[in-house]
Amino acid sequence: MTETVPVLALRGITKVYGMGQAAMQALRGIDLDINEGEFVAMMGPSGSGKSTCMNILGCLDSATAGEYRFRGVEVGGLDRNQRARLRRHFLGFVFQGFNLLARTSALENVELPLIYRGTPAAERHRMAMQALEDVGLSEWARHKSNELSGGQQQRVAIARAIVTRPSVLLADEPTGNLDSVRSIEIMELLARFNREMGITVVMVTHEPDMAEYAQRIVRFRDGLIDTGEGGDS
Amino acid sequence: MWWNALLLALRAIRRNVMRSVLTVLGIVIGVAAVIAMVNLGGGATAKVSNQITSLGTNLLIVRPGQRVGPGESSVAPPFKYKDLEAIRRDVYGIAAAAPSASSSMKAIFGNLNHATTVLGTDNAFFSVRNWTFEEGRDFSDAELASGKAVCVIGSTVRTELFGAQDPMGVDIRLGKFSCTVIGLLQSKGQGAMGIDQDDLVVIPLRTFWRRVAGNQDVSMIQVSARDGVSTAKVKADIDRLLQERRHIGANEDDDFQVRDMKEVADAFNSTMGVLTALLGAVAAVSLLVGGIGIMNIMLVSVTERTREIGIRLAIGAMAREVLLQFLVESVVLSSLGGVFGILLALLASWGLARGLNVPLIINVPMIVVAFLFSALVGVVFGYFPARRAAKLDPIEALRHE
Ligand SMILES: Nc1ncnc2c1ncn2[C@@H]1O[C@H](COP(=O)(O)OP(=O)(O)OP(=O)(O)O)[C@@H](O)[C@H]1O
Ligand SMILES: [Mg+2]
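Protein chains in written order, with my numbering: chain A, 419 to 651; chain B, -18 to 382.
The hints are simulated quantities; they were obtained by calculation from the structure and are not laboratory data.
You may find that some hints are simply not true.
[As the list claims (entries may be wrong)] Simulated DEER-style distance windows between Cβ atoms: (1) VAL263(B) - ARG521(A): 55 to 61 Å; (2) LEU341(B) - ARG521(A): 39 to 45 Å; (3) VAL281(B) - GLY494(A): 49 to 55 Å; (4) HIS381(B) - GLY494(A): 37 to 43 Å; (5) ARG521(A) - GLY170(B): 35 to 41 Å; (6) MET442(A) - VAL281(B): 29 to 35 Å.
Idealized CB from N, CA, C, for every residue including glycine.
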């Protein structure tokens, strides 16, 4: 049974920003299923609604209409705290701008989600060190985030996202601020975690090279999904 | 959850030490000011009120002359010995009444001399003023009656003239006559308004009349009330008696004054109490200003840390966890401010007490109150910024530059 239920399922999702005259329809009826263990890339022109869709998938924002099921659970009916709990236990985020806490060591940054989970200190420390090792930064654990290069910062961000072993990792233009060598490192990490840990990865990118790493590409155009499935690399 | 909030708050405080220091500075100064003021006020009050009560709170001082200003008297006829006898006889409830006449004179022994106050009185003086003898004795009836040249000296005079030498039975010169030391008074130390109470030579009143004054005036009468007798009532009785003896009409002002030391002490204590409260209140305002400073910086900090809050929310922090973190941050900061303020206050109280020569009185309840208040300031002034942080929308917070 569970095999057949997609992790993420969107049905007729619309999102309207603003009201009345100023209303702006960012999503105009999205249907999308993403299965456990998939690596999906979202592409499309600027303003086509990719980030809006990611925010809804990440339970950071709610849809204006439509149905969003996360592992079969309707997310629309959850309150702010329940959505926070869902993020805490099942989701990991990687942002374009890294979004690490400034003046805070790599280790403390990676520990952060575990603190909110209430993981005991020793366990937390061990898990965070392991995650840093997984991204090849165990040497840099004690360094402050602002002492790290962009590529290193993004790897710390990935360590922070996977330290809780989330079922889904959402990455909005994770390589947007990085050069191609650094971008490839990041993509290989994402592909590896997808493969080795079975983490479902949903990633927004503008670069076809990066989309190559995904098993499936979803194309957005004007708030709609352009071609359905099947866009294999 | 509390433990997590504390951990997160401590990490956030450590992350920006400079800002944290500036945040708490207001509280540190406020708490320090309140405690130092109250300690100092308490010390000063205790010092002066000790000096006043060391005179004895059952003491009444009767002097000729109207009360013109503090410690000043206008010219009026002195008392006669009969006035004293009348007081001893007619006023109910007095333990002792001592006449006195005094003069500034030079006391000489060998080649040493010392300017002091020579006081003519009788043995009642020692009991009225609670003098005890370190050595020797008071006057005998015969010495009093015949006006013999004997004296009892205070410890300052003893030190000045004799050093460590034993003064008993030695003759000292007072102006033109010499007298034999028969007693040495126990030291009382500094008196009210910095007057050295031990700087005196006591001789029989009759001796004073004959050898020093050349008249038979009594310039002051000191009366002590018996335990349990109201000094106010004794004062009223003396007033009435002296008005009669000095022929003062109902509508005339008294040409003498009776000062009740208990009244003086009470008046002083209440004045000092008001003064201390006032100083404390001024300092408390600075504590309040410190609290507003915390709120100010916490608000700035929430704005400045909007993105951080966005990150926390995205990672799965619940609104109330963010609220709690900011609240705990502000309480930890203000309590730390309180602790440092207390340390600073203790240091300042100690320094000021030494500098102003008042006893160091640490008002412990005040310290506890100031600490609790500083923590409370953290809660009250931290709540608004914390709620603001918790209400942020994660997406907008993340987009914040
Ligand atoms: N908070 C908002 N308020 C109003 N309009 C918004 C808001 N967020 C997004 N939009 C609008 O919704 C549309 C979709 O935006 P979205 O950020 O999803 O695009 P995108 O596909 O991620 O673009 P890009 O590739 O540039 O990141 C845009 O036209 C944008 O202006
Ligand atoms: Mg976008």
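We went through each hint and held it up to the structure:
1. Against the hinted window of 55 to 61 Å, the Cβ-Cβ separation of VAL263(B) and ARG521(A) comes to about 38 Å, which falls outside the hint.
2. The hint said 39 to 45 Å for the Cβ distance between LEU341(B) and ARG521(A), and at roughly 42 Å that hint holds.
3. In this structure the hint that VAL281(B) and GLY494(A) lie 49 to 55 Å apart at CB is violated, the actual value being about 37 Å.
4. At roughly 26 Å, the beta-carbon separation of HIS381(B) and GLY494(A) lies outside the given 37 to 43 Å, and the hint is violated.
5. At about 59 Å, the CB distance of ARG521(A) to GLY170(B) disagrees with the hint of 35 to 41 Å.
6. Between MET442(A) and VAL281(B) the beta carbon distance is about 32 Å. The supplied range of 29 to 35 Å therefore holds.
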